[in-house]
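On the provided structure of chain A, position chain B as indicated by the hints.
These protein sequences, in sequence, are chains A and B.
So the first sequence is numbered by UniProt numbering: it starts at 1 and just counts up by one.
So the second sequence is numbered by UniProt numbering: it starts at 1 and just counts up by one.
Quick caveat, the hints were computed from the structure, so don't treat them as lab data.
Among the hints, erroneous ones may be present.
As the list claims (entries may be wrong) - Footprint (simulated), chain B over chain A, 3 or more residues, beta carbon under 8 angstroms:
hint	stretch
1	26-35
2	100-111
3	120-128
4	145-153
5	170-184
6	298-307
7	346-358
Note that the structure is predicted; figures quoted are calculated from it, not measured.
Even for Gly, the Cβ is constructed at its ideal location relative to N, Cα and C.
Number of protein chains: 2
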Amino acid sequence: MLRSPLVHATALSMRSVAAPAVTLTLPVAACPGQSVADVDTPSLMLDLDAFEANLDRMQAAADAAGVKLRPHAKAHKCPDIALAQIARGAVGVCCQKVSEALPFVAAGVADIHISNEIALNPASPAKADLLAQLARHARLSVCVDDLAQIDVLAAACERADSKLDVFIEIDVGQNRCGVADAPAALRLAERIATFDHLHLRGLQAYHGGIQHLRDWNERREAAAGAASRTAAVVAALRDAGVTCEVVTGGGSGSVEFDLQSGVYTEIQPGSYVFMDADYGSNAYTGTMRFTHGLFIASTVMSVAAGDRVVVDAGLKSMAVDSGLPWVWEEKTADGAPSSSLQYVAANDEHGIVKPTGANSALPALGSRVLLVPGHCDPTLNLYDELVCVRAGVVEAVWPIAARGFSR
Amino acid sequence: MLRSPLVHATALSMRSVAAPAVTLTLPVAACPGQSVADVDTPSLMLDLDAFEANLDRMQAAADAAGVKLRPHAKAHKCPDIALAQIARGAVGVCCQKVSEALPFVAAGVADIHISNEIALNPASPAKADLLAQLARHARLSVCVDDLAQIDVLAAACERADSKLDVFIEIDVGQNRCGVADAPAALRLAERIATFDHLHLRGLQAYHGGIQHLRDWNERREAAAGAASRTAAVVAALRDAGVTCEVVTGGGSGSVEFDLQSGVYTEIQPGSYVFMDADYGSNAYTGTMRFTHGLFIASTVMSVAAGDRVVVDAGLKSMAVDSGLPWVWEEKTADGAPSSSLQYVAANDEHGIVKPTGANSALPALGSRVLLVPGHCDPTLNLYDELVCVRAGVVEAVWPIAARGFSR
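Just chain A, with the same shape it has in the complex:
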C-alpha cells in the first residue's frame, strides 16, 4: 500500500485520475511556511515584495492621471491577484475569453470587460450564452467589430434575460481586430442602440504592436499616433450624437503615454504585475519600469557534459515565443539577466544552461536555477498554481484558476 502523501482519501480530488486502477495524487509543489529551497521544481514563483510594489506603482500612476485602472487578467489568470488589484483601486479586470472570466465572476469580481470579440457560431451559440449567463452575476462587457456579433449577443441576452455592455473595437494600428474608421463604428453603434439588452459603453483602442518597441521615444510616438486616431473616432462619434463614456486600451509598455494622452479614460495593462524578460528588454525613461517578480524555479538535473548543465524546465514549463528565459541572480541589477549563465536552448522537458564566459563557474548537480520567462502570459497558462514567496519562505500558494480557459 502507498503511504502519505500519495494516498488520497477522495476520488474527487482535483489532481486524481478518473476511474483509476489505483488512486494516486501528485504531492503539492509547495506549502506555506516551507523554505523556498524545498519547493519542488519546475515551479512558478512570485516574489511578493516585487509584486506588491508593481501593483502599488501602477495604481498610483493611474490615480495621479485621473484614469481608471482595469488590469488585464489574461496575464495572470489568478483571482487572488485580481482581488489584490481591486483592493488597491482597480475598477475591475479585463479578460480575453468568455471562459476566462468564469473564475473571476466566481471569486466575486463585480466588473469584467471581455476585451475581445467572441468567436460566434450562430448555429451553436455556446460562448454567447455563457457570457449572457455570467452577466447575471457581474457587470460584463464585450467588444464587437461586426454587425452579426451584435445580433448574436442580443439574442443570447434576451434568452438569459441579462444586460450586457458593448464596446466597439477600433483598429488603431495593430492590424488585428476592430473596425477601421468612424463611419464603420457608427454603423455598429446604431445597431447596438436597437437592442434593449445591449448598452454601448464606449470604444476599445488597443495597439499590442507598440508595447515591445524597444526605444522609449519610438514607443512614445507610436502611442501618440494610436491615441490621436482614437481621439478622431471619439470626436466623429460625438458629432453624430454617440457618446463614448469609456475609452479603454493601453498595455504595460505604453501605459505611461496612454495615461497622459487625454483620450483613454481607462487603461488595461497586464504584464506589469510580473515584468517578463521581453518587457525587461524595453528601454524606459522615467518611473514606469516595473520590477521582475516572476520566476521559474528549476533544478540542475545533469552535469555530465562538463561545459554546460541541464535544468529540468523546458518548453512545457515556459513560453518561448518572445525569447528564451533569462537566468536570474540575486545580485543582478533590476532589469538585467545573469552575467555569468545563459539559458541557450529549450527542449520539451530540458533547458541547456551555459556559462557566458570562460571563467564562469557552472552550478552543481541538484542546485537551484531561477529563470525569468520571456513572456509571462502564456507561461502562467502552463501552471496550476503560483508559489508566492517572501524573504526565502513560501507565504501562499495561489490557484491559477483560469489556466487553460481559452474558450
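Frame of chain A; chain B shown alone:
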C-alpha cells in the same frame, strides 16, 4: 440564479473554483455523439481513423523487426492512448518526468520507463521518494548519468522498500544528458551493482537532434552514427562483464533506421501518434510517414480587416517553438498544408490567417478553421482533454491526465 449547465452541485468539481463567491462550472467543449461542427473552440481534436492507423503501423514495424515498442507518453500525456498502444503490443510506455508517470500508474500501466535523469535535491528528495513509491505499483525504470543520482535513488528505494530498474544514459550526439563513453558508463554500472534495491537494466541512447533532419538520407546517416556509438559502448561493457539486457532509444523521425540497426532492443517514439507539422515537414522514403491526426479546431472571430481573418486560437492554444501551425483542408494531400490559407502570426489569444494567393477566398465570420500544430508534445500540454472524432461525430473525450505534470 444560474441555470444548467452553469450550476454545478458539488464544490469538489474539477473545474470549479475553490472557495468561490458563486459556484460556476465551465460547460464541456464536446460530448460524445455531438457533431464536430458544434464542438466549442479552441479545442484539440484527434481523428481516430488516422490515430488508429498510426498505432497499427508503428506496432507492425516493430513486430516485423523483432524490436519492442515502448511509445513515449510525453507526447500525449493521455492514459487512454497508452492503453490503446499497449493493447496493440507495446510493452509499456516512457515518461519524461516522475510526476508524469503518476496518471499512467493510476490507470494500470504496468511497466514505465522514465527516460530521463530526475532532478535530485539531496536535501529534499521529493522526486526520488515519489518514484520509489510508484515502483511499488508498477515496474519502473529511470536513467542516470552521475554517481550521486544512484545514491539518492537507492536511499529512496530503501525507504520505500521498492525495487527500481536503472538505465545508464549515454550521449550519442544530442549534447544534452548522458555520459560520454564506456569507462564512464562502467563506473555507473559498478555503483548500481552495490545496491540491492537497484537493478541495471541497460543503456539509453537517444538522439533528439536527428529527428527533424529534413533530408531522409541525412537522417539515415545520423541515425547510423548514433547506433554505432551505442554499439561500441554495449560491446565495451560486455567485455567488462556488464550485460545490457535492454538498449532503448529512437524517435518518430529515426525509428525506421533504429529498427534495422541491430542495436536497439526497444524503441520509444512518441509523435507518430499525431504527426505534427514539424514531422510533416521531414522528407520520407518508404512506408514510415505517419498520418496527420491532431488538429486544433478554431473559429473565425473577426473579419473586419477584409484582407485577413482572425481565429480564436493563439499562443495559449498551441506551441509555436517549432513553427506556426498549418491550416488544414480536407482535400489536402497527406503531409501538405493548405494551399489557399496560411496562419501567419500568433498572439496570446488570436491567430492571423491570410490567403496565400490573390484569388483565395477568406473564411466567413463564425466558420471553422482546422490547424495542424507545429509541435505536438507541448501543444497537448495546453489542453485538459482530447476530443476524439470519426466521420464528423465526437466519439469520445479523453482526459489529458498528465497535462501540466512537469515535476
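Handout entry: Earlier hints that do not hold, by number
Key = none
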